[in-house]
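Participant: The residues making up each chain are set out below.
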Amino acid sequence: MPQRGATVVFENVSKRYEGGAVALDDLSFEVPAGAICALVGPSGGGKTTALKCVNRLVDPTSGRILVDGRDVMSVEPVSLRRGIGYVIQQVGLFPHWTVEQNVATVPALVGWPEARIRDRVRELLDLVGLDPVRYRDRYPAQLSGGERQRVGVARALAAEPPLMVMDEPFGAVDPIVRERLQDEFLRIHDRLGMTVLFVTHDIDEAIKMGAWVAVIQGGHLVQYASPADLLDRPANDFVARFVGADRGLKRLALIAVGDMELRKVPTVREGEPLAGSGRPADGDPYVLLLDAQGRPDGWVNVERVPGGTFTKGMADPSSPLFARTTRARDALSGLLVRGVRTGVVVDDEDRYLGVVALDDLISLLGRARA
Amino acid sequence: MTPGEPLIRWDWVASHATEIATRVGEHVELAAIAVFVGFVIAFLVSLLVLRFGRLEQAATFLTGTLYTIPSLALFALLVPYTGLTILTAEIGLVGYTLLILMRNIVGGVRGVPAEVTEAARGMGLTRAQILWRVELPLALPVIVAGLRIATITTIGLVTVTALIGQGGLGYLILLGIQLFFSTPLIVGAALSVALAVAADGALVLAQRKLTPWTKGARALPHAGLPPGT
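Those sequence lines, one after another, are chains A and B.
Each residue of the first sequence is one higher than the last, beginning at 0 in numbering that gives the first Met the number 0.
Each residue of the second sequence is one higher than the last, beginning at 0 in numbering that gives the first Met the number 0.
Hints are not guaranteed to be accurate.
Have a look at the derived ranges for each label pair, beta carbon to beta carbon [unchecked claim]: (1) A/Arg117 <-> B/Ile68: 52 to 60 angstroms; (2) A/Gln181 <-> B/Ala31: 53 to 61 angstroms; (3) A/Ala20 <-> B/Val192: 57 to 65 angstroms; (4) B/Ala113 <-> A/Thr324: 35 to 43 angstroms; (5) B/Arg126 <-> A/Arg3: 24 to 32 angstroms.
No lab work stands behind these hints, which were simulated from the structure alone.
All figures in this text were calculated on a predicted structure; none of them were measured in a lab.
Glycine included, every Cβ here is placed at the ideal spot set by N, Cα and C.
With these hints in hand, go ahead and build the complete structure from the sequences.
Facilitator: Following this line, the structure appears as structure tokens:
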């Protein structure tokens, strides 16, 4: 059920209230089709107002918002909203409707046939990880916070909207559930490909979820950048403080070790004769011993082993193994915890790919500091 | 009452069974019409108040004033215009239900959690759809709470209308007072109380049927009596 994403363009959007209070001041940015864009900033800064301008819960006083090239002000609010998925922090499920009725809200409003709605509800509950048979007929009061949030996401996705706007969608659950919901949402987004605008006050969530991050403070767009750029080159002191003193570490969290340039080290196989291996040219006596399948056993100091052949028992397994998808931050932490300078990166079958060294990770950290 | 006379003479009850049944029927009719008409009026006024907030003060003042007029005086004041008729009785009875019903309908709708109506709006429900499909159903427990109070009050108040020639069971009570005869008085009063209890129970059952989502779940924040009732 992949969907198409809509482009969203903010053009000089401002919102002034009677009495002169300025909620938004000349916001301009563009979200490409299918991207997730996080609106982040301190509370009261205008990010929620900006989000609500998209589905016209708030109308801007000047400027335009174009969704797929069409000015939202030219669309009647009720039909505009039916085409945009909407999720809020408190979820706002209808307490008097079952899970099925809640998810079916928009399809029923726009008049889908009943059979299609039933199929769609089943599909969506599966998608958000709720067993349709068990959950379909429950009322919201019979769900946990995380389950409610999942139903809220399913409800917003029901009519296959090319655009979703979400206001602190993962804010009301505990940190463990939040992280799981974030991961599930990213997985859903991968499958469906809709464009997503979401508000958060949590910079880590913005960096994790967003392909684009809009930092909004005092009604101004302070910076609009990819998470990596935001961490590498914060636009001013405010953004630098907002992303945090640990932005170097946050930067590492965006990089998978498999995407780094891995070091190659001399390797030997179990059962190979010692004599043939020789001493590595650069003077480092250590070689990496691999088993028959190419899986690393550990390091062997060729100067300290007796004759014969390489065996698993000789290997020092103290270097941690990292999957390609391991975040550089987790790799750094893994090395520091073990007190070693290198980790071995392996593929999905645990076969040796290369080595990542503490120095490589630290030099990445340094790039963000510049 | 006459000394030596028993409080209830069952032979009188037995010989007047048909009349008692008729009076019960009249009583139910008077009360049901009053609560029904009162609800319709209160509902329409509530919709106006919910739509145009400025009307609330006027509506509360009017219904509140009606509520404070002593029932006896109200009926006496109406008789020159509407006579000793059922209309006179109903005008009074309906008047007393309005304040309670309106407060509970308006309060019930306003008590619907803001995030629920916000989500409804954000998903593209129209104003009317939000009112009829979301707010009013969710206000049901509070509305029914108001109906219960209005019904109980009205059933008690119907007896007073015996003074203007109506009154259902009130007729029996009045008869007992006039004849210095305790049996019809006690029968009338006891049946009036029994009717009130039965009507209240029926409304509780009806509410449980109408609001299945409140069953087995933790109480919704807006369930129960609003303050002041």
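Participant: Against this structure, judge whether each hint is valid.
Facilitator: A quick look at each hint next to the structure:
1. A/Arg117 <-> B/Ile68: 52 to 60 angstroms: holds, 56 angstroms
2. A/Gln181 <-> B/Ala31: 53 to 61 angstroms: Since A/Gln181 and B/Ala31 have Cβ atoms about 57 angstroms apart, the given range 53 to 61 angstroms holds.
3. A/Ala20 <-> B/Val192: 57 to 65 angstroms: holds, 59 angstroms
4. B/Ala113 <-> A/Thr324: 35 to 43 angstroms: holds, 41 angstroms
5. B/Arg126 <-> A/Arg3: 24 to 32 angstroms: Hint holds: Cβ distance 31 angstroms, inside 24 to 32 angstroms.
The earlier numbered hints are all upheld by this structure, with none contradicted.
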